[in-house]
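Novice: Please take these sequences and the hints and turn them into a complete structure.
Chains as they are written, first to last, in my numbering: chain A, 1 to 422; chain B, 1001 to 1184; chain C, 2001 to 2254.
These are computed hints drawn from the structure, not numbers from a lab.
The structure displayed is predicted, hence computed values, not measured ones.
All residues carry an ideal CB built from backbone N, CA and C; glycine is no exception.
Keep in mind that a hint or two might mislead.
[To be verified] List time: in silico DSS-like cross-link candidates among lysine-lysine, alpha-carbon distance up to 30 Å:
#: 1; chain 1: B; residue 1: Lys1133; chain 2: B; residue 2: Lys1182
#: 2; chain 1: B; residue 1: Lys1090; chain 2: B; residue 2: Lys1133
#: 3; chain 1: C; residue 1: Lys2085; chain 2: B; residue 2: Lys1111
#: 4; chain 1: C; residue 1: Lys2057; chain 2: C; residue 2: Lys2248
#: 5; chain 1: C; residue 1: Lys2165; chain 2: C; residue 2: Lys2230
#: 6; chain 1: C; residue 1: Lys2067; chain 2: B; residue 2: Lys1049
#: 7; chain 1: C; residue 1: Lys2085; chain 2: C; residue 2: Lys2141
#: 8; chain 1: B; residue 1: Lys1090; chain 2: B; residue 2: Lys1077
#: 9; chain 1: B; residue 1: Lys1077; chain 2: B; residue 2: Lys1111
#: 10; chain 1: C; residue 1: Lys2165; chain 2: C; residue 2: Lys2182
#: 11; chain 1: C; residue 1: Lys2085; chain 2: B; residue 2: Lys1112
#: 12; chain 1: C; residue 1: Lys2141; chain 2: C; residue 2: Lys2067
#: 13; chain 1: B; residue 1: Lys1182; chain 2: C; residue 2: Lys2057
#: 14; chain 1: B; residue 1: Lys1182; chain 2: C; residue 2: Lys2085
#: 15; chain 1: C; residue 1: Lys2201; chain 2: C; residue 2: Lys2248
#: 16; chain 1: A; residue 1: Lys176; chain 2: A; residue 2: Lys313
#: 17; chain 1: B; residue 1: Lys1182; chain 2: B; residue 2: Lys1090
#: 18; chain 1: B; residue 1: Lys1112; chain 2: B; residue 2: Lys1133
#: 19; chain 1: C; residue 1: Lys2057; chain 2: B; residue 2: Lys1077
#: 20; chain 1: B; residue 1: Lys1049; chain 2: B; residue 2: Lys1133
#: 21; chain 1: C; residue 1: Lys2057; chain 2: B; residue 2: Lys1049
#: 22; chain 1: C; residue 1: Lys2141; chain 2: C; residue 2: Lys2230
#: 23; chain 1: C; residue 1: Lys2201; chain 2: C; residue 2: Lys2165
#: 24; chain 1: B; residue 1: Lys1049; chain 2: C; residue 2: Lys2085
#: 25; chain 1: C; residue 1: Lys2067; chain 2: B; residue 2: Lys1182
#: 26; chain 1: B; residue 1: Lys1049; chain 2: B; residue 2: Lys1077
#: 27; chain 1: B; residue 1: Lys1049; chain 2: C; residue 2: Lys2230
#: 28; chain 1: C; residue 1: Lys2230; chain 2: B; residue 2: Lys1077
#: 29; chain 1: C; residue 1: Lys2067; chain 2: C; residue 2: Lys2057
#: 30; chain 1: B; residue 1: Lys1049; chain 2: C; residue 2: Lys2141
#: 31; chain 1: C; residue 1: Lys2067; chain 2: C; residue 2: Lys2201
#: 32; chain 1: B; residue 1: Lys1049; chain 2: B; residue 2: Lys1182
#: 33; chain 1: C; residue 1: Lys2201; chain 2: C; residue 2: Lys2230
[What the hints assert, rightly or not] If we take Cβ atoms under 8 Å as the criterion, some of the chain B residues that face chain A in the derived model are:
#: 34; residue: Gly1030
#: 35; residue: Lys1049
#: 36; residue: Asp1050
#: 37; residue: Leu1054
#: 38; residue: Thr1056
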Amino acid sequence: MTVPATTHRGPQSRILRWIDYRLPAVSFIEHELTGYPTPKNLSYWWNFGSLAGIVLVIMIVTGIVLAMHYTPDADLAFDSVERIMRDVNYGWLIRYIHMNGASMFFLIIYIHLFRGLYYGSYKYPRELLWMLGVVILILMIATAFMGYVLPWGQMSYWAATVITNLFSAVPVVGGKIVTLLWGGFTVGNPTLNRFFSLHYLLPFIIVAVVGLHLIALHQHGSNNPLGIDHRGPQDTIPFHPYYTIKDLFGLSVFLIVFAIFVFYLPEAFVSADNSIPANPMVTPNHIVPEWYLLPYYAILRSITFDFLGIPSKLLGVVLSLGSLVLLFFVPWLDTSRVRSARFRPWYRIVSWFLVAAVIGLGYVGSQPPEGGVVYLGQLCTFYYYFHFLVLMPLIGKLERPRPLPTSIGEAVLGTRPAAERA
Amino acid sequence: MSDVAQSHVSSGHEGETRRDFLVLTAAAVGAVGAAVTIWPFIDSLNPAKDTLALSTTEVDLAPVQVGQRLTVAWRGKPIFVDHRPPEEIKAAQDVDAASLRDPQPDSARVKKPEWLVVVGVCTHLGCIPLGNKQGDPRGPYGGWFCPCHGSIYDTSGRIRQGPAPLNLVVPPYDFTSATAIKIG
Amino acid sequence: MLKPLFAAAALAAALAVSGAARAQEEAPTPPRQQWSFYGVFGTYDRAAAQRGFQVYKEVCSTCHAVKHLYYRDLEELGYTEDQIKGFAAQSQVTDGPNDEGQMFQRPARPSDRFAPPFPNDQAARAANNGALPPDLSLITKAREGGPDYVYAILTGFVNPPASVKVPDGMYYDEYFPGHFIKMPPPLSDGQVSFTGGAPNKVADEAHDVVTFLSWAAEPNLDDRHRMGLKVILFLIVTAGLFYAAKRKIWARVH
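Specialist: Below, the structure written as structure tokens:
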């Protein structure tokens, strides 16, 4: 059920009307951006979508400029990155923006994802919107992984070795798959070259999927913290100027955090080992992926035992990738007919357990797999799957949701404006 | 972003001018920030420090005997250094500059008459003229001869015949001592 | 209202720290030192970096290369063009092939990289009992603990505890992982004489050479800190303006 657009008058000037008659770009922008009806009660948790889009653009622009100076050859890559850092005008700045932008991108996306989980943004009629988001996340992970290999430091090389070796867990053809990925008998120059090519390509595929994601969003409009549909103009406001200015404010706050990392803590997210050129003869003491991949890494290493005849290595791979695949099914795993956790007393609490489990997995992934760390990883992995496969369906059926307000407008005009509540 | 400044059909409120001023200021500050951010990206395309470091070349002239010619590289291009014997200097100076296609007296092209320093790239379409190596043809004026389309240069590197429009370019250089120059 | 954004920042910081955390190597954590370039307003102490360059040149360059430095980079430390030409000309670099097809040696120029002590890794190992002295261009970035660690190594050559037997050809260092390092103690009191009579005990020489090496690893730190301050102040002002504009615009809705 599409929402009627708020009134807008169409392009003003003759030139804009000339263009619009031939290519409806101007009226498109007015319909989808300027006049687009948005629930009036969106909180700051709703800033993260546009933030992610902006960071995507930043990553592409910095990436293209870096690619003008980078050499994707195993003998030259590391030195070409040092050249960027030392000799290219502002090269250090562009590189640090790109490097820290990746971490910011994942931080934003994980918050964006959690917002979706908490407020039921994946429920009817937004299931496909949610699934497209999971596709974007998977593409981001692939892009980021390949990007980390490009500087060809010790961690680049060995992370590439460990992760590509995972495919050897596939029964029968695993070894052949790994050789195909490598283009050789180990990670080497052929691997680096194809990772560079794909790292350049994938972001544009992400852009396309983001486009689909936005089209799907605009079909039914945004969800909101109350989780109830908007029923008319009294519940919505035009996106411009209300959410454009709010997004700009959120952007400037984000940029402060981003700038702190770029200018004062630029290597906070990177292992010191990556300042050592790749050496196939020396393995670092602790091979650790980037922080945003730590939870998946932790799940992978948690499976230390064979189960039902399945080797532990394969099971680890399956459960690690499965943690992402599982997300596709969330719209059907959650049986509640209430969207927003605000009105779901049990689910609300349990959502934070999930956050704790994921942070726990992140910690586990950063530590050597010995002692209590292993048990913690296994516990958190178990909880992760338990949360989605057991708790979500059960809680939806068993909990008694709190009564929903009749409309957004009423809730907004009620006591404190809902939009100001975090 | 908010340059399409349209007032919306919404319940009118007092203080609109104040709001507009605030919004305008915020937008202007944001735009300045965006513009300042673009400069590093553009500047990163300019020559990097290692490229700039190779933008000057020092040449020791002591080993170049009278009558000898030397080729050195400068910014990726060949430079012809000619230790001109008196005949060449006289031939270069005895020409009515005004009659040349690209009028330039020899004195305007050298700092010391016995040393000619020119960029060895033909001003027609960019080939490297012959004449700097032993045994090369030098053309009828004793200077250089471009094999690509037949441009002929004299002992001052000036175009005398053939399709090239301009004299061989004299690069910026200075004598750092009696027997050394710094090009660039 | 801004909870999500602050929570995000806190999360990022926490994850950054956890990502870098490692199980303790078999060596104590190097003690924190005072460095002029630490902190938001940190800059390189140029005088210390110049002394450190002297230490590198007179002591470390015998075995350690700094291949990512060019002689012209020394201009940033305050040396003149003539001084830099002088430093460069003291070393020979390989150039060529010449017209006879031969590689030849010539004095280095400012546009050359620092001449390495050995032509390749194998030669370096052969001259050092099989050990490879690492390139020092990035050493303060390439080790956990950064400048503190490098300083600790240089000043950590002590007599081993009575129970510990140091293998032949190795030396006991308090802060090197595993304690046995192949490098003999490189610094001694008064080894390098600084013009102007700056102190030159081991601790001073170590402090200066680590300042130099930190600069070598991150020559842009001063620019980065300066630019960062301006950018963040500008962003704070911008955020404030956008917030005020947001409140004004949203006043219509509330």
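Novice: Tell me, which hint numbers fail for this structure?
Specialist: Result: hints 4, 5, 15, 19, 20, 28, 33, 37 and 38 break, sorted rising.
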